[in-house]
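Engineer: Chain by chain, the residues:
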Amino acid sequence: MLSKKMLGATTAIMLVAATGAHAESLTIATVNNGDMIRMQGLTDDFTEKTGHTVEWVTLEENVLRQRVTTDISTKGGQFDITTIGMYETPIWGKNGWLVALDDLSADYDVDDILPAMRGGLSVDGTLYAAPFYGESSMIMYRTDLMEKAGLEMPDAPTWEFVADAARKMTDKDNEIYGICLRGKAGWGENMAFLTATANAFGARWFDEEWNAQFDSDAWKKTLNFYIDLMNEAGPPGAANNGFNENLALFQQGKCGMWIDATVAASFVTNPNDSTVADKVGFALAPDTGLGKRGNWLWAWALAIPAGTQKEAAAKEFIEWATSKDYLELVAEKEGWANVPPGSRTSLYENPEYQKVPFAKMTLESINSADPTNPTVDPVPYVGVQFAAIPEFAGIATQVGQEFSAALAGQQSADEALAKAQALTNDEMEAAGYK
Amino acid sequence: MARAVSNRRQIVTTIVAWTIGLLIFFPILWTILTSFKTEAEAIADPPSLLFFNWTLENYEVVQERSNYGKFLWNSIILAVGSTVIGLLIAIPSAWSMAFQPGKRTKDIMMWMLSTKMMPAVGVLFPIYILARNSGLFDTHILLIAVLMLMNLPIIIWMLYTYFKEIPVDILEAARMDGASLKSEILYVLTPMALPGIASTMLLNIILAWNEAFWTLNLTTINAAPLTAFIASYSSPEGLFYAKLSAASTMAIAPILIMGWFSQKQLVRGLTFGAVK
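Protein chains in written order, with the numbering used here: chain A, -10 to 423; chain B, -5 to 270.
Wrong hints could be hidden among the right ones.
[Said to hold, decoys possible] Using 16 Å as the maximum straight-line C-alpha spacing, the simulated EDC-like pairs for lysine to aspartate or glutamate come out as follows:
id, chain 1, residue 1, chain 2, residue 2
1, A, K322, A, E44
2, A, K243, B, D39
3, A, K268, A, E141
4, A, K299, A, D24
5, B, K64, B, D132
6, A, K161, B, D39
7, A, K243, A, E164
8, B, K64, A, E44
9, A, K210, A, E404
[To be verified] Far from chain B, by Cβ distances over 10 Å, these chain A residues were calculated:
id, residue
10, E44
11, D267
12, G278
13, A295
14, D314
15, K344
These are calculated hints, taken from the structure and not from any lab test. None of these values were measured; they are calculated from a predicted model. Even glycine gets a Cβ: it sits at the ideal position worked out from N, Cα and C.
All chains, please: the whole structure from these sequences, using the hints.
Structural biologist: If you want it as structure tokens, here you go:
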């Protein structure tokens, strides 16, 4: 351990010497997620090693996206590093808005990054953002309620089983709902879940000529299945529930099952916040036997906007924050359950981390997501719960509003699908895809 | 009999006024209450109104994580700075429009108001590029200028309505007594319009304090005010409602207290000229 520390220190000194770098002050844009806040608390370690200081600008997710887009497209140079997701990285990388991360040091061991994450954050094999933490989606369920319903959750269930279990677990008089799913409109809210689920039902956003596919039987089946299930076994007002609302419901013991981001596993098993911490089991997101599972892939990653004057120091920070050493640093200070998940293979090979109850299922979920081949029928886009084209966020948010209104009972599933079909085709035509 | 009716009416009015007042204030009250709960209690359903374990933990965490003082200081500089400069421009403009109107004064007034009708995001890119090229990005000067320009039409319109209420005859009398333009504005007009100027100032400070588009888009570290402070506590993945509430309470407290003490002027200012 000592030698490793010394090695680290020597490397740092050599790095500083090699780059001839003087101490810089880096401005980093980020969001207020638990893992990012923990990183902010640990930046002294980085400053100690490199001499660079760090200023944090924490913003609301959508504000951050808009702010960074404005800054990058005008070459404002306000940020040296920014937190971005798997949706933006390929688009921005292709536009030349991000600095390629193709010369990271050998110590960093870029091959250790989970292949799915590396693939999703690269353009034509070049990495443009380093994953700080990654997630897929999976089923989190109440082991006690499952037992009470006389059922046993398989590791890889079908939607049929999940729907049946949800109906059996529901006890509306006692405010227990078999299944909690996202209903709040937004490309990153209900549409992330529904797009991934639609993949499992054999649906897709576009055919290979970029024609919208919402008039297909597969979409009709997906949306009707979801709305029927939520009406029978979901909580009231589900059309307003996003990640945080469902997290609150689950932690209060009101959901039998919740299908959402794998990162939620560390929240629902934390006894300080969750009333059901010791009664949670995990399973892969369901399928329908067509060969695709409804689980997505996402990463909160760190990237360097083109136009920064401090590229070298920014790269040093990214290497520090997404390194193996950083994972050990967090484990040492806060325990293995709080280590940012889903970024490195070595983490899942670590026997200490394997003891964390959700580690295995998180890795399996991430590994079974395939952004380059997400659907049963071929598609012209990359991405599981999104299509990585600039127009997607705008279109999917409008489609999400139609689906959310259908869930709220303001219109039928067929009406929502017809509107989605028309608006998607209009937007795609206006954008010049057809 | 007439007395009984008016009594009953008074009771009804009082009840209605209190109901509306409480309804409007409720979200703020709820935010303040939530800020004293733990994160688990903040999301509890059914929610507890008063009977929970009161804690200052959220305030401690927020205090530890963010430099509240710096954000507060920036908010004060931006709100007061933009208001003072705005008034310096608006008083003479409103005076000339109210007392020396030209043929196109009405059109100019409408044109000024029309600038408020465009969504701010429409000019985001030009202003962003101007800020970048002038090197003023993330500085007080830039934000004061932008906020002042954003609110200027409103200040001028408000002052104009006040000045219109002042009888021109009084100003003419002063002129006949030999008062210069300067002393006419300083010693005759201003004292009479003082309540109006005061309430315009208060309203403008509140508008500038709460402005959350430009202050979020044109700042990073140095000039970021309390709006950026609140925004940093919203989380896409994680339940931090109690901390968000604590941050919000800290951000609105100064302006809430100021509004409380000056409500008389505010109400008078806002209803001035409404009933003739």
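Engineer: For each hint, tell me whether it holds in the structure or not.
Structural biologist: A quick look at each hint next to the structure:
1. A:K322 / A:E44: It is violated: about 22 Å lies between the C-alpha atoms, which goes past 16 Å.
2. A:K243 / B:D39: Holds: K243 (chain A) and D39 (chain B) sit about 10 Å apart, inside 16 Å.
3. A:K268 / A:E141: Measuring from Cα to Cα gives roughly 14 Å; hence the hint holds.
4. A:K299 / A:D24: At roughly 24 Å apart (the allowed maximum being 16 Å), D24 (chain A) and K299 (chain A) break the hint.
5. B:K64 / B:D132: Given that 16 Å is the threshold and the Cα spacing comes to 14 Å, the pair holds.
6. A:K161 / B:D39: OK: K161 (chain A) and D39 (chain B) at ~15 Å, within 16 Å.
7. A:K243 / A:E164: holds (6 Å)
8. B:K64 / A:E44: holds (14 Å)
9. A:K210 / A:E404: Holds - the C-alpha atoms of E404 (chain A) and K210 (chain A) are around 14 Å apart, at most 16 Å.
10. E44: Nearest chain B Cβ is 5 Å from E44 (chain A), so the label is violated.
11. D267: Given a closest Cβ separation of 16 Å, the condition holds.
12. G278: holds (31 Å)
13. A295: Non-interface label on A295 (chain A) holds, nearest chain B Cβ at 15 Å vs cutoff 10 Å.
14. D314: Non-interface label on D314 (chain A) holds, nearest chain B Cβ at 24 Å vs cutoff 10 Å.
15. K344: Fine: 24 Å to the nearest Cβ keeps K344 (chain A) off the interface.
In terms of the numbered hints stated before, the structure departs from hints 1, 4, 10, listed from lowest to highest.
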